[in-house]
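Number of protein chains: 2
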Amino acid sequence: MAALDPDKTYKAAVIGAGSGGLTLAIGLAGFGHEVALIEGRDVGGDCTNVGCVPSKALLHAARSGRDDPFGWTQSRRNDLRDQETSEMAEHEQITLVHGWARLTGDRDPHVVAVDMPDGSVSSIRAEHVVICAGSSPVRFEIDGLPEERLLTNEELFELEAAPRSALFVGGGPISLEMATAFADLGSRTAIVELQDRILPSEDLAISETLTAALTARGIEVHTGTTVERFDVATDTAELSNGTQIGDVELVVLAVGRAPKLERLDLEAAGVEVAPQGIVADDWGRTNVDRIWAVGDVTGNTLTTHGANAIGRRTVQAIALPKLPRVGSPRAMPSAIYSRPEVASVGLSLADIERIPRASRRRYSVDLTDLDRGYTDELDHGIVVVDVERFTGAILRAAIVGPAATELIGIFTMAIDHGIGLRKMFGTIHPYPAYAQAVGKLADEFSRDTLPVLHREFVAMARGRIAVALAGVGVRARRPRTPTCPRLSRGSC
Amino acid sequence: MAALDPDKTYKAAVIGAGSGGLTLAIGLAGFGHEVALIEGRDVGGDCTNVGCVPSKALLHAARSGRDDPFGWTQSRRNDLRDQETSEMAEHEQITLVHGWARLTGDRDPHVVAVDMPDGSVSSIRAEHVVICAGSSPVRFEIDGLPEERLLTNEELFELEAAPRSALFVGGGPISLEMATAFADLGSRTAIVELQDRILPSEDLAISETLTAALTARGIEVHTGTTVERFDVATDTAELSNGTQIGDVELVVLAVGRAPKLERLDLEAAGVEVAPQGIVADDWGRTNVDRIWAVGDVTGNTLTTHGANAIGRRTVQAIALPKLPRVGSPRAMPSAIYSRPEVASVGLSLADIERIPRASRRRYSVDLTDLDRGYTDELDHGIVVVDVERFTGAILRAAIVGPAATELIGIFTMAIDHGIGLRKMFGTIHPYPAYAQAVGKLADEFSRDTLPVLHREFVAMARGRIAVALAGVGVRARRPRTPTCPRLSRGSC
Numbered sequence: 001m002a003a004l005d006p007d008k009t010y011k012a013a014v015i016g017a018g019s020g021g022l023t024l025a026i027g028l029a030g031f032g033h034e035v036a037l038i039e040g041r042d043v044g045g046d047c048t049n050v051g052c053v054p055s056k057a058l059l060h061a062a063r064s065g066r067d068d069p070f071g072w073t074q075s076r077r078n079d080l081r082d083q084e085t086s087e088m089a090e091h092e093q094i095t096l097v098h099g100w101a102r103l104t105g106d107r108d109p110h111v112v113a114v115d116m117p118d119g120s121v122s123s124i125r126a127e128h129v130v131i132c133a134g135s136s137p138v139r140f141e142i143d144g145l146p147e148e149r150l151l152t153n154e155e156l157f158e159l160e161a162a163p164r165s166a167l168f169v170g171g172g173p174i175s176l177e178m179a180t181a182f183a184d185l186g187s188r189t190a191i192v193e194l195q196d197r198i199l200p201s202e203d204l205a206i207s208e209t210l211t212a213a214l215t216a217r218g219i220e221v222h223t224g225t226t227v228e229r230f231d232v233a234t235d236t237a238e239l240s241n242g243t244q245i246g247d248v249e250l251v252v253l254a255v256g257r258a259p260k261l262e263r264l265d266l267e268a269a270g271v272e273v274a275p276q277g278i279v280a281d282d283w284g285r286t287n288v289d290r291i292w293a294v295g296d297v298t299g300n301t302l303t304t305h306g307a308n309a310i311g312r313r314t315v316q317a318i319a320l321p322k323l324p325r326v327g328s329p330r331a332m333p334s335a336i337y338s339r340p341e342v343a344s345v346g347l348s349l350a351d352i353e354r355i356p357r358a359s360r361r362r363y364s365v366d367l368t369d370l371d372r373g374y375t376d377e378l379d380h381g382i383v384v385v386d387v388e389r390f391t392g393a394i395l396r397a398a399i400v401g402p403a404a405t406e407l408i409g410i411f412t413m414a415i416d417h418g419i420g421l422r423k424m425f426g427t428i429h430p431y432p433a434y435a436q437a438v439g440k441l442a443d444e445f446s447r448d449t450l451p452v453l454h455r456e457f458v459a460m461a462r463g464r465i466a467v468a469l470a471g472v473g474v475r476a477r478r479p480r481t482p483t484c485p486r487l488s489r490g491s492c
Numbered sequence: 001m002a003a004l005d006p007d008k009t010y011k012a013a014v015i016g017a018g019s020g021g022l023t024l025a026i027g028l029a030g031f032g033h034e035v036a037l038i039e040g041r042d043v044g045g046d047c048t049n050v051g052c053v054p055s056k057a058l059l060h061a062a063r064s065g066r067d068d069p070f071g072w073t074q075s076r077r078n079d080l081r082d083q084e085t086s087e088m089a090e091h092e093q094i095t096l097v098h099g100w101a102r103l104t105g106d107r108d109p110h111v112v113a114v115d116m117p118d119g120s121v122s123s124i125r126a127e128h129v130v131i132c133a134g135s136s137p138v139r140f141e142i143d144g145l146p147e148e149r150l151l152t153n154e155e156l157f158e159l160e161a162a163p164r165s166a167l168f169v170g171g172g173p174i175s176l177e178m179a180t181a182f183a184d185l186g187s188r189t190a191i192v193e194l195q196d197r198i199l200p201s202e203d204l205a206i207s208e209t210l211t212a213a214l215t216a217r218g219i220e221v222h223t224g225t226t227v228e229r230f231d232v233a234t235d236t237a238e239l240s241n242g243t244q245i246g247d248v249e250l251v252v253l254a255v256g257r258a259p260k261l262e263r264l265d266l267e268a269a270g271v272e273v274a275p276q277g278i279v280a281d282d283w284g285r286t287n288v289d290r291i292w293a294v295g296d297v298t299g300n301t302l303t304t305h306g307a308n309a310i311g312r313r314t315v316q317a318i319a320l321p322k323l324p325r326v327g328s329p330r331a332m333p334s335a336i337y338s339r340p341e342v343a344s345v346g347l348s349l350a351d352i353e354r355i356p357r358a359s360r361r362r363y364s365v366d367l368t369d370l371d372r373g374y375t376d377e378l379d380h381g382i383v384v385v386d387v388e389r390f391t392g393a394i395l396r397a398a399i400v401g402p403a404a405t406e407l408i409g410i411f412t413m414a415i416d417h418g419i420g421l422r423k424m425f426g427t428i429h430p431y432p433a434y435a436q437a438v439g440k441l442a443d444e445f446s447r448d449t450l451p452v453l454h455r456e457f458v459a460m461a462r463g464r465i466a467v468a469l470a471g472v473g474v475r476a477r478r479p480r481t482p483t484c485p486r487l488s489r490g491s492c
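Respectively, the protein sequence lines represent chains R and D.
Going by my numbering, the first residue of the first sequence is number 1, and it counts up by one from there.
Going by my numbering, the first residue of the second sequence is number 1, and it counts up by one from there.
For reference, chain R alone in the conformation it holds in the complex (with noise of 0.2 angstroms):
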């Protein structure tokens, strides 16, 4: 355990102890550094406390039937951060801060003034501030709904039990996973969505089967709409187009996320912002020497792994400046932890759309139409993919079904190392798994492509030089962490 020391320059000020933060302590500890870790909250952030940890252990509670599944959860999110907590407390080259991290102007080094909880203010010096300030759930106001009956996933595991109903504001992974753990549960279940559809950045099969999977279980999904006003005293939420959704206990509300920049005096810094949270680089670089930024608070990546990610990048760049900082990050998988589950993996659709038309192809495989669904008795699920003509290259590639969530992993794999669905021709998957469905697309690729292959082999160049000449940066081989819109990009 390492006291805060007001004289010593640490090599790093590290700014939250969730995901991005408790990676950049553990790396840069890992290289003999000292860091200051500074939490204003619970160490483990949102991914420990309010996000992954809780929503997959109430989503196993639920699923399996357990006594108290909101105790259950409880009590297993509180012994992994009060693990986590001491790990942090403990460790001889962290210095673990309670308080609340602001940036100052001083520069060389960098100085964070900490405001702590007795009203204090301390101040740290580092070579490094790294910030992983996280984002908190877009809030608003629903007219007529009291405040308490108003949650985000802030509030939602602090439960006691599972409502009698529950409406679900957003279409997305939050919705999505604990709609599924709450109907799990006996709750009354809807989904109110204010685009078109559940999940509007995945392709629209994705959607639709999805969609399908979760109403044939009972969640009411309701899109194109959203909620108007609720009536307290028949407990009714009447939706935009006229819907209205009675018996409703708890409202939850999942539609964003928004970077927790507030307390940062980023302005005293010079630190430069966009909307969707601090402008950084695949590096975690910003504007500012010396000052990194990681995870949800620049929007770039939303997910526990792709804040891990990116700071694993962001400790090499500060323990080993000299080592060429070459390269984007691997292929960045999105999970949501839903039944049936969904993945996903690669370009965004916007970003395909980009690559002209007759240089792609796409493919599908109807899960249900597998042997393996057929002895499950699967009702949904499908595997859709985005390749490019000749090679096969995965441009994107989605799953709804079951294990999905491990499934991805052959396509990011395959994406990582330009593997295309004519090389995967061929590699034997076990029978009868879903994960067949890959043997599938590579055999309907090479039955389509191999006759044709002088055609194909000019589609793809094609494409190849109009995405170049065109410079949108799209790679069809190793894609850059997609750019799908903020509400639907992995869950937690």
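Honestly, I wouldn't trust all of these hints.
Said to hold, decoys possible - Using 20 angstroms as the maximum straight-line C-alpha spacing, the simulated SDA-like pairs for lysine to any residue come out as follows:
(1) 440(R) / 40(D)
(2) 8(R) / 109(R)
(3) 322(D) / 450(R)
(4) 423(D) / 450(R)
Said to hold, decoys possible - Okay, the calculated bits of chain R under chain D, using three or more residues with CB under 8 angstroms as the criterion:
(5) 228–239
(6) 332–340
(7) 389–401
Hints were generated in silico from the structure; no laboratory data involved.
Note that the structure is predicted; figures quoted are calculated from it, not measured.
Idealized CB from N, CA, C, for every residue including glycine.
Dock chain D against chain R, hints included.
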């Protein structure tokens, strides 16, 4: 629907309509060839009728608490069989012949005699004969046990209900899957394995983790022993180690497979046979020109996906004889759909032992240490890999845990495409998926090897030279079909 034409010379006479035979018939018909498909029992072979399909259906029915799990499994199986039968019967280029085929001495074209159910003999002339006759369960009597209480996979699925208790002889895939299903259905279950652990062809850690998981679910596991006799008065099985297992209603024999050779009259055609089955190479070639053998009847693979993979190569060799026949089949995974699932891919442990110990490394990740294991209360799960030094090329990977049969696809891809742990470093898997184990393996490998790359390179080079000099035919990057003992090579 094509009727048998005694004057026609078919492109191929395919003996057996299981996984291998259907692959051949459909594949060759797809090239426009006429095929006679001869089956003495049911279309679909073991897989559809007494193997993969009913076993996976029963596992699903048991897990999901279906009423009448056996009746449902039977009807599911029958529906698929009927569908496959009518597809074959109605196929324009396939003539489905119900009877038992045997070879004759006539070679140009080959003549196959078919013993028809009415006692007559038909004769089929074909350029090629492909033997896909499959395998049968090894049977023996147990002293004192009435015949009707000793089942194999051929009788098991005809039960009307799960027995009060069942004893499984043999610790391979069939026992593991069916013990899982029966335990879910409320049977008391025990497995008796002659060798010192279940799944003896897998890594010790795999056997141990699986044993612990099964035992925790109440499935008794007895190893290093076998059933000596049965006392029908007390329903007690006596094991050779003195253990007595009381109140046993049924005994299921699953101790291995024997190729179905007895009706084929291989001598008449001079086809070479070894103890494990017909001698055939990676393309299905036997010692006799234009006689081929695929699947269980060769003993080279004992899985549906194995027969399919080799069968596709045989189709290519017959339909496109001028294409060069180079290369082995791709990495052949094995999969067991027990709970937890088990899957592996790569070299056999015996082949790995032939690679100098100093040129390889072994890594493992305990899946219960992953955050997903934590949120899902996973008690038992592990990934074990053997890799080459320096490159981290996957020699073998094995998994016990949730979705193991899907996750193995990541390692299968890695082997097929020569992606070692060094190249996998940095690949991003979703949080908190079990696939994060792959990232942990790559991290650990990099941490161990990056500081000593020079030493790693020398160790790798020495290993490759030693393997080349010994001529053991072990290839680090694209292993041959594993040469595991017969009993444990993948399920179904």
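Unsatisfied constraints (hint numbers, rising): 1, 4, 5, 7
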